[in-house]
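Residue strings, one per chain:
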Amino acid sequence: MARYIGVRLLAMVPLLFAIAVISFAIAVAMEARGSIAGSVCGEGATIECIAQVERQLGLDDPMPIRFLRWIAGAATGDLGTSLTNESVSVASLIADRIGPTLSIVTYSLVIGVAAGMAMGIVSGVRPGGAADRVLSVVSAALIAAPGFVLAMLLSWWLAVQWGWLSPAGYTRPSESITGWIRSITLPAIGLALPTVALVQRQLRSSMTNALQSRYVLAARARGIRRTSLIAEHALPNAMIPTVTAIGFRAAAALGLTFTVEVVFNINGMGTLLITAIQTRNVTVLQGSMLVVGIVVLVVNLLVDISYGLLNPKVRLES
Amino acid sequence: MSDASTATAVSAQQPVRAASARSRFWMRLFRNPLTVTAAVWVTLLVLAWLWPGLLAPHDPYAGDVTLTRTFEGPSWDHWLGTDGQGRDLYSRVVFGARFAVNSILIATVVAVGLGVPVGLFSGWRGGRADRIVMWINDVLFSLPIVLLAMAVIIVLEPSLPSAMLGVGIAMATRFARLTRALTLSEKEELYVDAARITGLSPSTILRRYIAPNLLPSLIVQIAIISGAVILIGATLSFLGIGAKLDDPDWGVMLARARSDFRFEGIWQIVPAGGALVLTVLAFNLLGDGIRDSLGRDAANSSLTVPRKVALPPVVQLHASSAVLSIRDLAVGFPAAGGMVNRVLSDVSLEVFPGETLGVVGESGSGKSMTMLAALGLTPAPGYLSQGSVSFDGREVTFLPEQEWQEIRGRDIGVIFQEPVAALNPALRVGRQMVQSLLVHTDTSRSQARVRAAELLAEVQVPDPERRLDQYPHELSGGMAQRVGIAMALACEPKLLIADEPTTALDVTVQGQILDLLAEVQRRHEMAVILITHDLGVIADAADRVLVMYAGQVVETAPVSTLFSQPRHPYTRALLDTMPQSHRGHGDLPVIAGVVPSAAAWPDGCRFAPRCEFATDRCRTSVPLLEAIGTDRVRCVRHAEFEFGPPVETTA
Ligand code: SF4
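Residue numbers (my numbering), protein chains in the order written: chain A, 110 to 427; chain B, 590 to 1240.
You may find that some hints are simply not true.
Label-pair restraints from in silico Cβ distances [what the hints assert, rightly or not]:
hint, chain 1, residue 1, chain 2, residue 2, range
1, A, Arg178, B, Ile855, 50 to 56 Å
2, A, Arg178, B, Asp727, 27 to 33 Å
3, B, Ala1216, A, Gly237, 20 to 26 Å
4, B, Ser774, A, Leu125, 30 to 36 Å
5, A, Ile286, B, Glu777, 55 to 61 Å
6, B, Arg1034, A, Phe126, 47 to 53 Å
7, B, Asp727, A, Gly238, 33 to 39 Å
8, B, Phe710, A, Gly288, 51 to 57 Å
9, A, Ala111, B, Asp835, 53 to 59 Å
10, A, Gly238, B, Asn802, 33 to 39 Å
Source of the hints: derived by calculation from the structure; they are not laboratory data.
Given the structure is predicted, the values throughout are model-derived calculations rather than measurements.
Just so it is clear, CB atoms sit at the ideal spot from N, CA and C, and this is done for glycine as well.
Just chain B, with the same shape it has in the complex:
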């Protein structure tokens, strides 16, 4: 345990002042230089569409009558050279913007005009009408867009507008899907809130509830399809079934370049090809930019190795019989403006062979993070910023991943909450178990399978052979948790970390699982860290308890002391919420509010905003973890309190 007098408290970062959602959107959009460049290009495109004459020095249709100035390279007169008829390529590229923007306009109007009403109708009506409409939609969606465009061209006549009509119909399927999904989810909400729906006409509902949610998605989708529309238009023109053969359309220009370029070199495809690629790129980047600015930031992969930071040399020697010993651990997450949010600070704990250490706290208190950090599994972009961890007398704080792999699963077993999610949905149970056994033991595949069945039998899974051939989704929660436990115990670990092993299981299964763990523990002298928010589980299974709040340890004590004589107001508040201590009528008391996020932790006592005993002193001075015998408590007023066992409230 850390020496209380040297413990330093770390104040969390103040959150960046929240800007309004709209201005944040624009800020994010224009922070990305690529998006800005793309926006500039699209603006130029629109200018060329409106007033091509302003940008183009020559007539795009007028060739050189003498046919002497054909296939020229770039020159002062002709910035991008001339084509086979002596026409100015730069001017033709500028006028090509007309065809590109017109294509987008026709296709978008058709796609939105058809797709949105269809999606609204389908989503709103539901039932059979919805199924039929969506079936037709999916058929069209699975056909190649070029083919649909061809069908329309065949029926009408080869021209760019008829091609774009076809493209629009094809793209309408996407808008129909999008609109339907949004309508469905909005409808759910409206029906839940029945008051909102009565007396409102469908058009009001549409205008007031659905349109505002639909609009951002529509804009992103339009930006994204614009690139595709231009590409398809150019493709059809290139094939000779889009724009007319004389038109300065980029696709037509490329078709000309294609028939000429074997003789005249590669230059002919550059102006139109470049304009096409840059325009499509611009729309794609703009679409990505808008989507990213509306959505959340891309997260990092869990495989990213925690960043190493310069730490002072570790001075303490972990010379004790503890299986796991954590000292002064802190974990930081990079925050806006080069700041760091320390989601854990000054966390110290020890657990001894055969002992069960209970770790309690509401969600957000840092229990699970402590365990992940101790196992070298700090989720990126978080990193250990302070402290040391030793396992079985060995310093493991910055152990290389390869050495960690030897320890994890063999000497330390972990049981995760949400047992089904902790199993790979694509792999059979047996394969996952065999794989773990093969990593740590010297057995053959068939021996490992036999062992896997034994392990399942040990945790009372009926018919283990059959279970091995099942997929996780075929298991019940309780069964999946038993599989998780069997895997965690496979190599008879010295330490078992059980993170909410019984949450989401029904009460009888809960009891069975806890009994099972206790039995294995007795047999192997295994140390157990039991993480839970359920004090009932702690009372049943733990020897010592560590209470966490907002990334700090606030109290440690033997289980009997903690229940009979809690010292920290948070512990007392937790005890009051236990169903066992509440035999009266009325609602179970809860602690008002939630654990604030790391960016919002107060400077003084982190519990102060929710503590019924908070005074001004609590808000200014930082409570340290003080020792009382072998117990610890973090509260500036703890000496003043004398909490008894949880009161039996009467309503």
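Just chain A, same shape as in the assembly:
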């Protein structure tokens, strides 16, 4: 297993490089479309402002030098300073904003995967049965509904009407653990609902296949009990494709947290990115893209590891 993880880690290096190049290239492409300094400093741009922005970006230097300088800085945690406020470092901005985003994504994945697996097992054990038909309709509806619309409905009913959970804002876990959970529960549920549907669908079909397999028939012919057939024989095999689906969903959920952050007035990576896009704040954009890209890579790594844990063939033959 250690060897397998090692191979996966090595495979990440070129990916990391690709993400760094893409993040950096974004700024280059923006420059090509017009003076960044001009648009950052606004209509009445002072010479000082423009000079300062150009200094921050090091626009005078050749491209490879700039890339190397940026990447060297990034490696030591220095992503430059925000173009709109020179006293704030990009790294501290991101450090400040990534907490809420990661909390919501992780929490939503836990809820979504747990509920989706339960539903998928029930459906897959007896496809076409009454429970399966109901659950499949629920899934179809959840897949069609964007998380932010569900989140809006939820926040209306549960927070505004009944006052159960906080309708907006984010409480840091360092301030209050219960407050933290209360503040991210609704956004997490909103984001989790489509996850539930995706996991249910995938697990339903792979569970159905696994239960039709020869090894389940053989186990049944040995007198193995039904619960064991489902939990010990079918589920581990059915989870292999499901883990891949969960991985894609995890990456997608990261992009979609931005919407629930907006709905619940939470200052996370989403609001940071959107403001940066609207103000053409290049340093913040580069840094945020890089960090989000790295998070996606880590998610993929975790998926690969669980894939290896479930699938002895992959683990042993790497």
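We have chain A; now place chain B with the ligand onto it with these hints.
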């Protein structure tokens, strides 16, 4: 054995007349009311895209200048109410279709335009170019679509078309994968058939061979991504980096509703939210509908319990010393139009302690189905429609699953063909063996493990301790079959059912396995049912033989009689195909044709289409299983035949 004079033959259902593939596709597509509803909704969407003015009574941009008619609920004037600027929500929703359909068009054109050529190039070129292209493809594929769209928005400017350009690039990765896979498989075939490839230009190959196969998959994929594209477009508009703030785009409308709704109630999100959800749902349902109509039907789970049917009370008492006795067994499968295909009918057999009953027949003759049905393992949606089964003097035909679990694995052991597939790939060999032992015996986990190692040693598995820690894919076929045998014999069963235990194994291993079984049988007075299509195996191991064809027993006899004096033309034909009886030159004779599927069984003798002795009488009258002493034969002309032992053909 069933009394021959009362045996009734059952004619199989005639197959439904085959419609052409294309019309069957449309029939299936529109049989599903959900798909039809979805198609209607998508049609409305397209109408709204083409002529929104026809459907919308108001200007979607013109608000109420006096600002008195804002945040209204549904009324005669404004069917879906008005927004914060007094604009008609219904009209805005209708005009929103423009943005939705435009989004789909841009994203699809970009995705197909980029993805398909990349996939074609990668699949066709192969080698290093393929690896590099697919690596880049997979990197893009693993990034969140919203993030890719954002990257394009950053580089260009926040607008719906630039967002959709990003979405299109992200979606192109899927089309590239799909196209590459199809190109690869098509290329394989073309190279096998070298004649087809010489002299053809790549564009001809593309047009003639690849495009026709690609098109259906592309259509399904487009329908499926359309829903996702609309969702992502709405998401980006909602975030303020898609459509413009004034546009009647559904995402923008939701963003407005979001900033207003704490004061004005929930209604504001209903029109745009509803339109969005219904449209995405419609595309998803349409995609599912098209895919299902193109593909095969969803199958049922093997855990589904066989359906119980009303049977006449069982009158015969199975008062004999037989370990397993099957009487007049029939298994039906529901077919189109409320019909039933009876894949087995009138199957009767008995097997006694210490005896080996060989069951032979080509694949499709119903051998394996008989055994599964006898064990209460009839695969759904099949069900026992007639007959009774008794095991060890006990009626087990409709035994509840819980009681069956006690018998299976303890009193009856089963060896499956394809030994590796019969082992769970995700579980270590030891865990699977220990689990079976724990179910039937009162031992601790560690004792069971010791016993498992002993069992493996008994079936001559070298280094059993190490094997217990291995996974099935690490075993050879012969080794996996030994594990299967060890598990089947773990509780010293009274009956062993071995379904093609030696197929797919090489000849030396075959012999070893058969010897092993014979030895265990001697030690425990075990009854064995040996299912095989290989008459050589039967000659070596069986005492009595039962020949099956097309779901029926056609002959039973002691092994010596069967080989020296076959009575049924099918048996004789099988004997002629044995390598031992064919010492001449040239090809081994085969029985022309295959066993027809249950839906195509003829009314008269089921072997008639392939029988060299068939007459008109065979095609009209149904042969019954007649008794000749203790043997049985099912052929209207059997009295006329006098087949000797298999002839030694000379080329
Ligand atoms: S009944 Fe006629 S067709 Fe059938 S096996 Fe006998 S001879 Fe052949």
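Checklist line | Hint numbers not upheld by this structure, sorted from lowest to highest | finding: 3
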